[in-house]
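Here the protein sequences come in this chain order: A and B.
For the first sequence, counting from 1, position 453 maps to 470 in my numbering; every step adds exactly one.
For the second sequence, counting from 1, position 98 maps to 91 in my numbering; every step adds exactly one.
Possibly wrong hints are sitting among the right ones.
Subject to a maximum C-alpha distance of 27 Å in a straight line, what follows is the list of computed DSSO-like cross-link-like pairs (lysine-lysine) [unchecked claim]: (1) A:K391 to A:K202; (2) A:K391 to A:K233; (3) B:K123 to B:K68; (4) A:K240 to B:K375; (5) A:K240 to B:K123; (6) B:K375 to B:K363; (7) A:K357 to A:K523; (8) A:K580 to B:K363; (9) B:K123 to A:K233; (10) A:K233 to B:K363; (11) B:K68 to B:K13; (12) B:K363 to A:K202; (13) A:K240 to B:K363.
Calculated from the structure, these hints are not laboratory results.
No experiment lies behind these values; they were computed from the predicted model shown.
Residues per chain are reported as follows:
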Amino acid sequence: MMKKQRTFFGIRTILPYLRPFRWELFGIVAASALGSLIDIGVPLFQRYALDRFVTGGDLRAMPAFVALYLGAILAAAGFNYISCLWGMRVEVGIDRDLRNAAFSHLQTLTFSYFNQNSVGYIHSRIMSDTQRIGELLSWTLLNSAWQLCYVVGAVIAMFSIEPRLAVLVTALLPVVALLYAVFQKRLFSLNREIRELNAQITGDFNEGVMGARTVKTLGVEQKLADHFAAGTERMRSRSVSAARYHGLFAITMSFASSLALALVLWQGGVIAKEQIGTFSMFMSYALGLMEPVRWVVDAIGSLITTQINIERLHKLLSTRSDVVDRPEVVERYGDSYDPKRENWEPLHGDLEFRDVSFRYPDGEELVLEHFDLKIAFGTNLAIVGETGAGKSTLANLICRFYEPTSGTLLVDGRDARERSQLWLRSAIACVLQTPHLFSGTIRENLLYGDPDATEEEIREALSLVSALDLVDSLPKGLDTDVGESGDQLSTGEKQLISFARAILKKPRILILDEATASVDTLTEQRIQHAIDEIIRGRTSVVIAHRLSTIRNADLILVVSDGKIIERGRHDELIARRGAYYRLYTRQYEEEATGAALS
Amino acid sequence: MQHRTGDIIQRCTSDLDTLKNFISTQMTEILRIVILLGLSIGFMLGMDTTLTLIALAPVPVIILYSLIYYRIIGKAFLECDENEGILSAMAQENLAGVRVVRAFGRERHERDRFTEQNRHYTGLWMRLAKPMSTFWSVGDVLSGSQILLTVCFGAVFCLRGRMLAGEYIAFLSYCALMTWPVRMLGRMISEMSKAGVSIERLAYIMNAEEERASGAALRPDLSGDIVFDHVRFSYEEDQETLRDVSFTVPGGTTVGILGGTGSGKSTLMLLLNKLYDLPPEGGRITIGGTDLRDIDTAWLRRNTAMVLQEPFLFSRSIRENIAMAEEGASEEDIRAAARAACLEETADSFPAGFDTFVGERGVTLSGGQKQRVAIARALLRKAPIMVLDDSLSAVDTETDARIRAGLSEHFRGCTVFLISHRITTLKNADQILVLDRGRVAERGTHAELRRAGGLYQRICEIQEEA
Chain A
18 MMKKQRTFFG IRTILPYLRP FRWELFGIVA ASALGSLIDI GVPLFQRYAL DRFVTGGDLR
78 AMPAFVALYL GAILAAAGFN YISCLWGMRV EVGIDRDLRN AAFSHLQTLT FSYFNQNSVG
138 YIHSRIMSDT QRIGELLSWT LLNSAWQLCY VVGAVIAMFS IEPRLAVLVT ALLPVVALLY
198 AVFQKRLFSL NREIRELNAQ ITGDFNEGVM GARTVKTLGV EQKLADHFAA GTERMRSRSV
258 SAARYHGLFA ITMSFASSLA LALVLWQGGV IAKEQIGTFS MFMSYALGLM EPVRWVVDAI
318 GSLITTQINI ERLHKLLSTR SDVVDRPEVV ERYGDSYDPK RENWEPLHGD LEFRDVSFRY
378 PDGEELVLEH FDLKIAFGTN LAIVGETGAG KSTLANLICR FYEPTSGTLL VDGRDARERS
438 QLWLRSAIAC VLQTPHLFSG TIRENLLYGD PDATEEEIRE ALSLVSALDL VDSLPKGLDT
498 DVGESGDQLS TGEKQLISFA RAILKKPRIL ILDEATASVD TLTEQRIQHA IDEIIRGRTS
558 VVIAHRLSTI RNADLILVVS DGKIIERGRH DELIARRGAY YRLYTRQYEE EATGAALS
Chain B
-6 MQHRTGDIIQ RCTSDLDTLK NFISTQMTEI LRIVILLGLS IGFMLGMDTT LTLIALAPVP
54 VIILYSLIYY RIIGKAFLEC DENEGILSAM AQENLAGVRV VRAFGRERHE RDRFTEQNRH
114 YTGLWMRLAK PMSTFWSVGD VLSGSQILLT VCFGAVFCLR GRMLAGEYIA FLSYCALMTW
174 PVRMLGRMIS EMSKAGVSIE RLAYIMNAEE ERASGAALRP DLSGDIVFDH VRFSYEEDQE
234 TLRDVSFTVP GGTTVGILGG TGSGKSTLML LLNKLYDLPP EGGRITIGGT DLRDIDTAWL
294 RRNTAMVLQE PFLFSRSIRE NIAMAEEGAS EEDIRAAARA ACLEETADSF PAGFDTFVGE
354 RGVTLSGGQK QRVAIARALL RKAPIMVLDD SLSAVDTETD ARIRAGLSEH FRGCTVFLIS
414 HRITTLKNAD QILVLDRGRV AERGTHAELR RAGGLYQRIC EIQEEA
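Work out the full structure: start from the sequences and follow the hints.
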């Protein structure tokens, strides 16, 4: 009973996507059924021909016969055309709709989902699960309708003409169906194993390609190749086992067909002695009846296997984001897809953490506990400490990538939750430690910050981060292609573009998350000068790793083990001789550690 | 590296699938069909030649018709395939860059872009629907007509006494038997062209020049001097990354390389490890007097421990990642390497310790943690040549100092290349090179360059502002 529940459960998910195609679906089933009826009719035509023309010797009805037959052929072709055409439309349409839905939904999910699921896994959901479901709902449906109709129609035809022979033929049907069902079950677990192996192999393959450079420098090509070969060998042996079952069944099938034919030949001669027409008709049915049975059982098998795809997709579509705007908020301010900018109040930029406690959704410890901090607009806040998740937490909360576990984040004196996420993020720009660009031109990447930016504004942003001469020196300038994930540019160059992109957004709040770590000193110095410029007149949160850059910060927070242990201005903290003091002096003290690179 | 990874992966998965289907299913089918047709026609001829000819008359038409159709459709299929690749890559990029998308509030932009491409891709398939349906229905008509011809003429022949009723029935059965195979034959032949396309795409990978193992077979001692002699190199035609670089690194010493964005520092290391080949007119790189081009690549790499700028970890445990290149490494050695990279404590702090799975299917390590794993991996190898390319950038300064303290032990006797932006990292190197736009702008020890009034001095002053 569990299985049945799951099937229906899956169908409920898919139902909304079937609705736009309900006429096509109906048409497909109808056309298939009608088409199969005509196919059932063919042996009947032959029976007539034999009885009338050959046995009866009467050819007068021939022209009418031919005309009718031709008519039937054309009708069948017509039905076939319709079901094929609409079948294609349904398959492709459902695939497209599911894919769009999955992708859209993904854009709303927060980071904890992406932390828990690998890119490759999610990618399969969007690209291949959707395709399989589309395939199931069109072709499998189409075929099943045809086959089922054929079987039913043929059985009726046989029984209505000569029940004794009909019994002989139809007796085999349930036996064949049962046998096939047994085979299917065995195959099911084998197939699942094969699918898992396939996913593993693909993952390994993926890894080998992505990490090609590292593999080469380590010289472990052979090792990885061996590991991969072991995987493919396992896959091969399982696949061969599966193939054996398939083969066994194919033999059983053709045996059953031949057996049915033999029975007809054996008894038919006795029963239908004078009616060779009937005899011929039964032969045709006997030969043609086993295939449909196999198809129908296959279809049920497909439904079961595609079940998995439906479930996975359903899981994705039903995952809720960690940070969700309440309905009233969406009503007034719109959401990420349909912002109602006319209702947006201007964002001034005063932030306040009020009694905020926070734990990451997949974390165990509280990272912030009853934390209070007021960040007035224009404050330059710096956060320092060892590498780890702690420093980015405040930035993540300000951007509302996560919600506080308890307590409130206030923006301009009001709870951040009272207004939409997009409202807040429209006024924030981030530059992260590792730059991420999208494939396209430099210009396209910059416009990501502000799609309406003019050419002057773009050039100004670039010159502010001293990247203008860099871009101008490229043969295609702004139209230079950055490659997949920007791999045609060096890390430093990518980071400069990321900066320019952030500046172009003209944010009220700027967040720099160790943004100059991957950039060389001279470039950093130039950016630093720009940073000093652009920090003015905004709230900024700088997660620093070079302490000299944050000396003039209005407020410095020192993070250790994810907790904030010190806060104050530079001079105060130095005087305190605490963690900050230690970090600061350590930076340029080579001798203190006694390290000598010789 | 010219092809997008998505494209390579598609070739080796879906193209491979196509080929697999072809060999396992289609080839056997073709054989089956050919034999079936052959035998059937043989028996039919045995009964009545004329009727056979009549029955077979539509067959060549059907086959030809299939052939033409599939040739035409083949191109359309290819276009669909390519568009699927584009869509796939778009999805991939979006997922990889989720932080940026969200931070810039560009969800709608991304969705619209994707929806548009999806619509285009779907449209390509929809355009195929009519021709495909037409093809199948016309095929139905042709097959149906074939049977009709047999039914009618056969009946007439029977009546005229040319053949027995039994033979007539047999003929009808053969016709029925042949219908599907004949229609399939056309399709099979054309699937061959689809398979042909996949074979071509796969062959491209199979035939891609393997890293040349030929010609370079020397395995000299690699602890000698490393000399870059008038090295010039460019990735693209119009852009020279290295213009004229010459320097010598005495064996067993440490050289620090400092340079601006795009100055070519990483390129030098990639050339040193033969990840790119130096063209004949690009100068020479020698180790202990032997030209790099003559040195066995595998030997070279086994004896060079490189930590690249953005480290790549495998989807395995931390322990396996560290011991990736050293099969028989003992637990102590692994721990020692981890300790020197300041990784031991961190690893032990994970619930599964060194057995913690990292990478795509495991725990996501921070940038600094990844770098430390890569450093531990390099240290375990005890190679005579070591390269650390900006390997401490994601690590905070305190840890940086501790790691370098540990490294100094391991560096004894090795030739070390240190690439960094931080003066503190490079300060104690035996010599320092300052690279600027593909050329060595300054060289010397820290003390010398500190006073030389050039780029280095300027950088020092900036970094020392305390």
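Tested hints:
| no. | hint | result |
| --- | --- | --- |
| 1 | A:K391 to A:K202 | violated, 64 Å |
| 2 | A:K391 to A:K233 | violated, 51 Å |
| 3 | B:K123 to B:K68 | holds, 16 Å |
| 4 | A:K240 to B:K375 | holds, 19 Å |
| 5 | A:K240 to B:K123 | violated, 50 Å |
| 6 | B:K375 to B:K363 | holds, 20 Å |
| 7 | A:K357 to A:K523 | holds, 20 Å |
| 8 | A:K580 to B:K363 | holds, 22 Å |
| 9 | B:K123 to A:K233 | violated, 49 Å |
| 10 | A:K233 to B:K363 | holds, 18 Å |
| 11 | B:K68 to B:K13 | holds, 20 Å |
| 12 | B:K363 to A:K202 | violated, 45 Å |
| 13 | A:K240 to B:K363 | holds, 21 Å |
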